[in-house]
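S.K.: The lines below spell out each chain.
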Amino acid sequence: MKGEGMRVRGLDDLIKLREKGLKRLYPDKIKMTVEMATCGISAGAHHVYEAIKDRIRERKLDITLAKSGCIGFCQREPLVDVWIPGKPRIIYQEMTPEKGVELIDLIAKGDLQKEWGLCRTEEEVIFFEDEPRRYTIESGLEGREDISLYQDVEFYKKQFKIALRNCGYIDPESIDEYTARGGYFTLHKVLHEMKSDEIINEVKRSGLRGRGGAGFLTGRKWESCQKARGDRKYVVCNADEGDPGAYMDRSVLEGDPHSVLEGMIIGAYAIGAHEGYIYVRNEYPLAVKNIGVAIKQAEEKGLLGKDILGSGFDFTVTINKGGGAFVAGESTALMASIEGYVAEPRAKHIHTVESGLWDRPTNLNNVETWANVPVIIEKGADWFSKIGTEGSKGTKIFSLVGKINNTGLIEVPMGMTLREIVYEIGGGIPDGKRFKAVQTGGPSGGCIPEALLDLPVDFDALTEAGSMMGSGGMIVMDESTCMVDVAKYFTDFLKDESCGKCTSCRDGTLRMYEILDRITKGEGKEGDIELLEEIGWATTEASLCALGGTAANPVLSTIRYFRDEYEAHIRDKRCPAGVCPALITYTIDPEACIACGKCKKECPTKAITGKKKVPHEIDQAKCIKCGTCKEVCPVDAVKVK
Amino acid sequence: MMSEKELVRFQIDGLEVEAEKGQMLLPVALEYGFEIPHLCYHEAVSPYGACRLCLVEVTKRGRTRMTTSCNYPVDAGIEVATATENVLRARRMMLELILARAPHSERILAMARSVGVEGTRFPIIEEAEDCILCGLCERVCREVVGANAITFVNRGDKREVTPPFWDPIACIACGACVYICPTDCIKMEERGDERTIVRWKRTLKMQPCKSCGKPFAPLFQLNWIIDQVQLPKDFFELCPVCRKQKK
Numbered sequence: 001m002k003g004e005g006m007r008v009r010g011l012d013d014l015i016k017l018r019e020k021g022l023k024r025l026y027p028d029k030i031k032m033t034v035e036m037a038t039c040g041i042s043a044g045a046h047h048v049y050e051a052i053k054d055r056i057r058e059r060k061l062d063i064t065l066a067k068s069g070c071i072g073f074c075q076r077e078p079l080v081d082v083w084i085p086g087k088p089r090i091i092y093q094e095m096t097p098e099k100g101v102e103l104i105d106l107i108a109k110g111d112l113q114k115e116w117g118l119c120r121t122e123e124e125v126i127f128f129e130d131e132p133r134r135y136t137i138e139s140g141l142e143g144r145e146d147i148s149l150y151q152d153v154e155f156y157k158k159q160f161k162i163a164l165r166n167c168g169y170i171d172p173e174s175i176d177e178y179t180a181r182g183g184y185f186t187l188h189k190v191l192h193e194m195k196s197d198e199i200i201n202e203v204k205r206s207g208l209r210g211r212g213g214a215g216f217l218t219g220r221k222w223e224s225c226q227k228a229r230g231d232r233k234y235v236v237c238n239a240d241e242g243d244p245g246a247y248m249d250r251s252v253l254e255g256d257p258h259s260v261l262e263g264m265i266i267g268a269y270a271i272g273a274h275e276g277y278i279y280v281r282n283e284y285p286l287a288v289k290n291i292g293v294a295i296k297q298a299e300e301k302g303l304l305g306k307d308i309l310g311s312g313f314d315f316t317v318t319i320n321k322g323g324g325a326f327v328a329g330e331s332t333a334l335m336a337s338i339e340g341y342v343a344e345p346r347a348k349h350i351h352t353v354e355s356g357l358w359d360r361p362t363n364l365n366n367v368e369t370w371a372n373v374p375v376i377i378e379k380g381a382d383w384f385s386k387i388g389t390e391g392s393k394g395t396k397i398f399s400l401v402g403k404i405n406n407t408g409l410i411e412v413p414m415g416m417t418l419r420e421i422v423y424e425i426g427g428g429i430p431d432g433k434r435f436k437a438v439q440t441g442g443p444s445g446g447c448i449p450e451a452l453l454d455l456p457v458d459f460d461a462l463t464e465a466g467s468m469m470g471s472g473g474m475i476v477m478d479e480s481t482c483m484v485d486v487a488k489y490f491t492d493f494l495k496d497e498s499c500g501k502c503t504s505c506r507d508g509t510l511r512m513y514e515i516l517d518r519i520t521k522g523e524g525k526e527g528d529i530e531l532l533e534e535i536g537w538a539t540t541e542a543s544l545c546a547l548g549g550t551a552a553n554p555v556l557s558t559i560r561y562f563r564d565e566y567e568a569h570i571r572d573k574r575c576p577a578g579v580c581p582a583l584i585t586y587t588i589d590p591e592a593c594i595a596c597g598k599c600k601k602e603c604p605t606k607a608i609t610g611k612k613k614v615p616h617e618i619d620q621a622k623c624i625k626c627g628t629c630k631e632v633c634p635v636d637a638v639k640v641k
Numbered sequence: 001m002m003s004e005k006e007l008v009r010f011q012i013d014g015l016e017v018e019a020e021k022g023q024m025l026l027p028v029a030l031e032y033g034f035e036i037p038h039l040c041y042h043e044a045v046s047p048y049g050a051c052r053l054c055l056v057e058v059t060k061r062g063r064t065r066m067t068t069s070c071n072y073p074v075d076a077g078i079e080v081a082t083a084t085e086n087v088l089r090a091r092r093m094m095l096e097l098i099l100a101r102a103p104h105s106e107r108i109l110a111m112a113r114s115v116g117v118e119g120t121r122f123p124i125i126e127e128a129e130d131c132i133l134c135g136l137c138e139r140v141c142r143e144v145v146g147a148n149a150i151t152f153v154n155r156g157d158k159r160e161v162t163p164p165f166w167d168p169i170a171c172i173a174c175g176a177c178v179y180i181c182p183t184d185c186i187k188m189e190e191r192g193d194e195r196t197i198v199r200w201k202r203t204l205k206m207q208p209c210k211s212c213g214k215p216f217a218p219l220f221q222l223n224w225i226i227d228q229v230q231l232p233k234d235f236f237e238l239c240p241v242c243r244k245q246k247k
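As they're listed, the protein sequences go chains A and B. Here the first sequence stands for residues 1 to 641, numbered as in this note's numbering. Here the second sequence stands for residues 1 to 247, numbered as in this note's numbering.
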């Protein structure tokens, strides 16, 4: 088993662990690493892994095969990383089992495969070392210069990875490799050289704000919890990431679970807690597994448990698996759930730092926040606070999804504009379509229109625009998206996921959904927009927790920026984006139709008539507006109005 | 351990008031005669903050925000406004939403009228059968009676109050839920020697009085009480009337 062996009692042992890790990270023979986070697996990485494994065995090659987390470029998965001693590292993209076998055969021959290369790396930035760790490159690049450098790839160029520092670089199941990139050395420093106040002061001065959504100053939260009266205190890691299309925390837990643990141990020591909980959703099986493995290794090494690193400090961590309620991500609901009750938020007039889990002082931070902590302590508050904007320091991870060329997980300095993210990192909108909006902040975030694309990502700027930072979901929409339909989709999600306690949230989201549903069906009437605004206002103002407090954002922000689209649905019974089935008609342009018969064959209701060489027609009475004809038409003759 | 009771002074609608620190705002305001509509609050059970009617605006350290008063612990120097334009606006919307769940409840209709809401623009939720999900029945059953016979199930708009697993096996038909329900949507019926709590579909046989012969309480309930407080087995042989006469 990996990570087995003796207890780490002090710095010498930690250095020995690091030596082992370095040998695993940079072996003196060929090593291939398949990125096996959930995104990779869903793209088929496990088939690639198996194919490579079989080929290595078949040919009895002396090649190490390893697994790692995700390096962010999910669009190009499966990714395979090839390490050959004395050469730059190359990441190959869009791999298949066949390509995997071919790649091995080429490598075995000493040949280079260039076409599939995403990028090459010649050095790694390691925050715990003063200089980037450069690879020894012995005999020139030998053609590898044709594969772009990592830092020249448009997708990576403007990124700056702190929380994602190890994702894709290490085997998440190896504590040795984590220490080889500096892991747990900060913890050693903290436990032996720093006092509680010093740590809290450093976090406070760094300006780090909670990455889970609320954006509260982390250092101040720690300080309140440290000062709170109580002999038993807790730290909690919120990994109940439930936003559709968002997977920042999942990726960190899958790719670098020890960074979260190290952050938690540092926090617990500063606050004076000896017990910690990780509340992770059970729909994240790999994240649950990897954090479980990490806890077990840390316990075996004595990095969790009694007398950590010989400092006398005791700390244990327990995993709590969530049962699938979105609202359980709200801090008080999460604590109720750990206690065994239904995940229902309570009023926070008495803060959880004073009375949280089992009515004891509890400090809760989310995965990304915890993962930032070791770097802040190592590099210092001054270094960290130079990154970002006045009010939002450091970096933020976003999952960039939707109608965008480069789907993936990105980490950028706060203050970067949405335009840079969408058009530079994201590579713009596919199929030459026009950008329409980007939804930030998860289901209860808001939709930001093109006119505001130069908005910087910053807690306060996003809130001002009627959206929010949230935990970091970013869904890009193009001109073929109907904004009323989008508002309906998210409101539907929220009405299902409201805990149902407050009248304002439970019935407010329900009523907004009903009205939106009517509007998209062509049954909207004058006054609907105003009624939506009225309900939205009351839902925001009168609800107890942040779910209700932000539940109207999708409706209010789309009305604010796309009111004309609502009006077109209500007054003209028209869906400008051509999405809402009740408001559109499909017709075939006789000039363009080549009478190939494809649409006729595929139409599920036999609504299309036409013979060879005669343009086809759609019988509107039979048409169910499924859009199949438009999809299959080879000459784009099917029009939507 | 005796804890010192700290009295704090603060303002409600400009009036200087005094209360114990940490006491909930709504009962204090009601005691001082302020009229704040409320449905999910009852002095017998812990505050919950579900109906959102008792909204007020509280200014603390220069920051004003809307909050429910039933679960807001009072503190020195706060300024409370019970009927600002925003408060009334939000309250009207809450009543309109509530009305669509309980259109037959006279109490809700009267309360709505009192804030100027004559009807609701929303489709009536008939399946709610006048239940507004205030949770008073659930709290009284759990906190006061201790029977834990009913609970909330599901979330969002699918939420409802029901016996756990839709089986009223723990209900002792005491009627506390019937008494506390603000919309009278939980009914109790007695026919012959049977008592039924209609909403929970719980019917129990009643114990006849050893003296007058009249059935007076469900046998299941009496045995449950005897069990809970360890009373002698024959403790409930007489009905309350005959017991008084015997004394």
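The set of hints was computed from the structure by calculation and includes no laboratory data. All residues carry an ideal CB built from backbone N, CA and C; glycine is no exception. Heads up, a few of these hints could be off.
As the list claims (entries may be wrong) - Derived pair list, reagent style BS3-like, types lysine-lysine, alpha-carbon separation capped at 27 Å:
{"no.": "1", "chain 1": "B", "residue 1": "Lys60", "chain 2": "A", "residue 2": "Lys348"}
{"no.": "2", "chain 1": "B", "residue 1": "Lys158", "chain 2": "A", "residue 2": "Lys227"}
{"no.": "3", "chain 1": "B", "residue 1": "Lys5", "chain 2": "A", "residue 2": "Lys348"}
{"no.": "4", "chain 1": "A", "residue 1": "Lys157", "chain 2": "A", "residue 2": "Lys433"}
{"no.": "5", "chain 1": "B", "residue 1": "Lys233", "chain 2": "A", "residue 2": "Lys348"}
As the list claims (entries may be wrong) - Now the in silico label distances, taken between C-beta atoms and shown as ranges:
{"no.": "6", "chain 1": "A", "residue 1": "Lys306", "chain 2": "B", "residue 2": "Thr64", "range": "46 to 54 Å"}
{"no.": "7", "chain 1": "B", "residue 1": "Lys158", "chain 2": "A", "residue 2": "Glu94", "range": "39 to 47 Å"}
{"no.": "8", "chain 1": "B", "residue 1": "Glu129", "chain 2": "A", "residue 2": "Asp517", "range": "39 to 47 Å"}
{"no.": "9", "chain 1": "B", "residue 1": "Arg191", "chain 2": "A", "residue 2": "Asp517", "range": "39 to 47 Å"}
{"no.": "10", "chain 1": "A", "residue 1": "Asp460", "chain 2": "B", "residue 2": "Gly14", "range": "33 to 41 Å"}
S.K.: Are the hints correct? Go through all of them and say.
M.R.: Status of each hint after checking the structure:
This hinted pair checks out: Lys60 (chain B) and Lys348 (chain A) have alpha carbons roughly 15 Å apart, not beyond 27 Å. Proposed proximity of Lys158 (chain B) and Lys227 (chain A) is contradicted: the alpha carbons are some 42 Å apart, above 27 Å. Restraint check for Lys5 (chain B) and Lys348 (chain A): the C-alpha separation of about 22 Å stays at or below 27 Å, so the hint holds. For the hint linking Lys157 (chain A) to Lys433 (chain A), the alpha-carbon distance of about 24 Å falls within 27 Å, and the restraint holds.
Taking the CA atoms of Lys233 (chain B) and Lys348 (chain A), the gap is near 46 Å; set against the 27 Å cutoff, the hint is violated. A hinted range of 46 to 54 Å for the beta carbons of Lys306 (chain A) and Thr64 (chain B) is consistent with their spacing of about 49 Å. Remark: the range hint 39 to 47 Å for Lys158 (chain B) to Glu94 (chain A) is upheld by a beta-carbon distance near 43 Å. In this structure, Glu129 (chain B) and Asp517 (chain A) break the distance hint of 39 to 47 Å, their C-beta atoms being roughly 24 Å apart.
For Arg191 (chain B) and Asp517 (chain A), the hinted distance range of 39 to 47 Å is satisfied, since their beta carbons lie about 44 Å from each other. Taken as a hint, the range 33 to 41 Å holds for the pair Asp460 (chain A) and Gly14 (chain B), whose Cβ atoms sit roughly 34 Å apart.
The structure shown violates the earlier hints numbered 2, 5, 8.
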